[in-house]
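Counting along the sequence shown from 1, when you hit position 63 you're at 63 in this note's numbering, and nothing is skipped either side.
Please keep in mind that the hints were generated in silico from the structure rather than gathered at the bench.
Just so you know, even glycine gets a beta-carbon here, dropped at the ideal spot from N, CA and C.
Mixed in with the good hints, there may be bad ones.
[Unchecked claim] Calculated cross-link-like contacts (lysine-lysine; reagent style DSSO-like; alpha-carbon spacing at most 30 Å):
| id | residue 1 | residue 2 |
| --- | --- | --- |
| 1 | K13 | K62 |
| 2 | K62 | K28 |
| 3 | K13 | K30 |
| 4 | K86 | K30 |
| 5 | K28 | K13 |
| 6 | K62 | K96 |
| 7 | K96 | K28 |
| 8 | K24 | K96 |
| 9 | K62 | K30 |
| 10 | K13 | K24 |
| 11 | K96 | K86 |
| 12 | K86 | K62 |
[Unchecked claim] Estimated spans, in silico, between C-beta atoms of each pair:
| id | residue 1 | residue 2 | range |
| --- | --- | --- | --- |
| 13 | R109 | L16 | 43 to 51 Å |
| 14 | N79 | S37 | 36 to 44 Å |
| 15 | A94 | R26 | 36 to 44 Å |
| 16 | F51 | R26 | 20 to 28 Å |
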Amino acid sequence: MHGPPDVFPHIRKEFLTSRHNELKARTKEKQWTVTLSDIADWPRIEAVAEFRLRTGHDCLAKHLHRLGVYTQPTCPLCNRQEEMEKAHLIRCLALKTMSESQRYWEARRQLIGKPKILGSKKTANVCY
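Let the sequences and hints guide you as you build the complete structure.
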């Protein structure tokens with residue numbers, strides 16, 4: 001398609017402006033931070049747990065509920081009826097380990113051991 005040379009920069013600018021505005025609207029409520037700048041120096045098992053917990057893309061009940069894999073966002077490991085997310089791991093009575101990353105992996109192990117909770121192929125694809 002050929003047109004006057006001065007039309008193309010105008011079309012490009014309009015496209016980029018509308019795309020920029022669309023992305024701004026879609027990400028308006030998102031929080032952007034750079035908090036894992038030193039993660040490359042961490043032991044892998046801790047780095048993976050921390051990344052998953054900070055981003056919220058973990059294999060805990062709240063995230064799995066949001067994905068439609070699990071029916072409830074509450075912790076099935078204890079009786080506190082709290083949403084199972086990063087902040088809950090420290091209070092969960094079913095987790096006996098010390099560090100946050102150890103608690104994450106222990107919670108994940110216990111959840112996977114509950115076939116009625118995490119027995120579907122959909123869950124396997126989400127958590128691995």
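Okay, which hints does this one fail, numbers in order?
1, 7 and 8
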